[in-house]
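Asker: Residue numbers (this note's numbering), protein chains in the order written: chain H, 1 to 108; chain G, 1 to 108; chain Y, 1 to 108; chain X, 1 to 108.
Some clues are possibly wrong.
Said to hold, decoys possible - DSSO-like, lysine-lysine: derived pairs with alpha carbons at most 30 angstroms apart:
| # | chain 1 | residue 1 | chain 2 | residue 2 |
| --- | --- | --- | --- | --- |
| 1 | G | Lys90 | X | Lys90 |
| 2 | G | Lys90 | H | Lys83 |
| 3 | G | Lys83 | H | Lys102 |
| 4 | H | Lys89 | H | Lys102 |
| 5 | H | Lys88 | H | Lys71 |
No lab work stands behind these hints, which were simulated from the structure alone.
Protein chains: 4
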Amino acid sequence: MLADPVMTQLQAFVAERDWDQFHSPANLAKSISIEAGELLECFQWSDAGDAEETVAELADVLTYCLLLADKLGVDPSDIVLAKLEETKKKYPVETAAGRSTKYDRLSD
Amino acid sequence: MLADPVMTQLQAFVAERDWDQFHSPANLAKSISIEAGELLECFQWSDAGDAEETVAELADVLTYCLLLADKLGVDPSDIVLAKLEETKKKYPVETAAGRSTKYDRLSD
Amino acid sequence: MLADPVMTQLQAFVAERDWDQFHSPANLAKSISIEAGELLECFQWSDAGDAEETVAELADVLTYCLLLADKLGVDPSDIVLAKLEETKKKYPVETAAGRSTKYDRLSD
Amino acid sequence: MLADPVMTQLQAFVAERDWDQFHSPANLAKSISIEAGELLECFQWSDAGDAEETVAELADVLTYCLLLADKLGVDPSDIVLAKLEETKKKYPVETAAGRSTKYDRLSD
């Protein structure tokens, strides 16, 4: 189970402020995109981002991801591992190693 | 600590394929935005997203978030909890409860 | 041709500040995503966005789109019309009318 | 006025398919973010994107931008020029030339 103490604290934070009403899956998905854009902004003009700001923005993306997982009733660790199994098949080591090519072009 | 077994498996997956060379913080930040867009697509025309697809796309966003945390040498749980402390101050229960107003307008 | 007066003014603005050095296609693509996130923020918790802010953020997205078109040496009007021709084939009126279904599922 | 022939064709395309019902400002804002992510994907692992794909994805972002401008009853050229005037003040040539620094840090 991923970070139960974290989820418990996030749930308490949300409940205290009566914010669950705003946390539809759609609104959380929008929030994840919005925070992802703020994270990307750390690298807007350069490949070297400020470490502190990058960590802060990453924390925001992760927070909304955990809230969405909770809303969907899934465990973040479980879904990452499940997806990893699928990805291993799409990108077999033999053909994918050392290449950033997308899976649908691996045999080009 | 957030999901050590997950991080260990992700690291093995990346190492096997010699993909670490592509995982600069900048490239991982771009990847998070890209996957966030695919997650958002589940809700493009409707507030009701297909549950299975939403979970799959959320898993992708989370995966890249974990890879970035690892690359930055931070623990995902720790940074989420640290950010939560800051957010509690920006949104005190007394003024923020039940309102989706952004913190810089809370006293309007 | 799309808004030559606009492109001329944008080019002058960029040249005056010696900013072309930052306007690689990759950096402009990141900028478009970043501004798209700020536009989306107008609708983060509600379907009703503030009109003034929405227009301001849309202007930012459009600005970077025009800069990227210029950098790629293409005319925005031309590429939109060219893409429209392709999209008409993917979404024939007979099957697509009144439905938001993505083209690869239209015959489900 | 920006590309009236383009807007006229886009409006006809949408009307023929009875798609205006899906084009709330919120849905169009989501669509812009989604397409921006697909554009960004051209540069996910490298600063060199495939020219043809980049143009195609940029066309998609622009298309949704034009649809949103139309929905909001504003002219794309006008709002870009209006925003440019504001940006000129935030980034005076004297302090901003040759620097990618954000306006709130220009005098650091």
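Asker: Of the hints stated earlier, which fail here?
Answerer: 2 and 3
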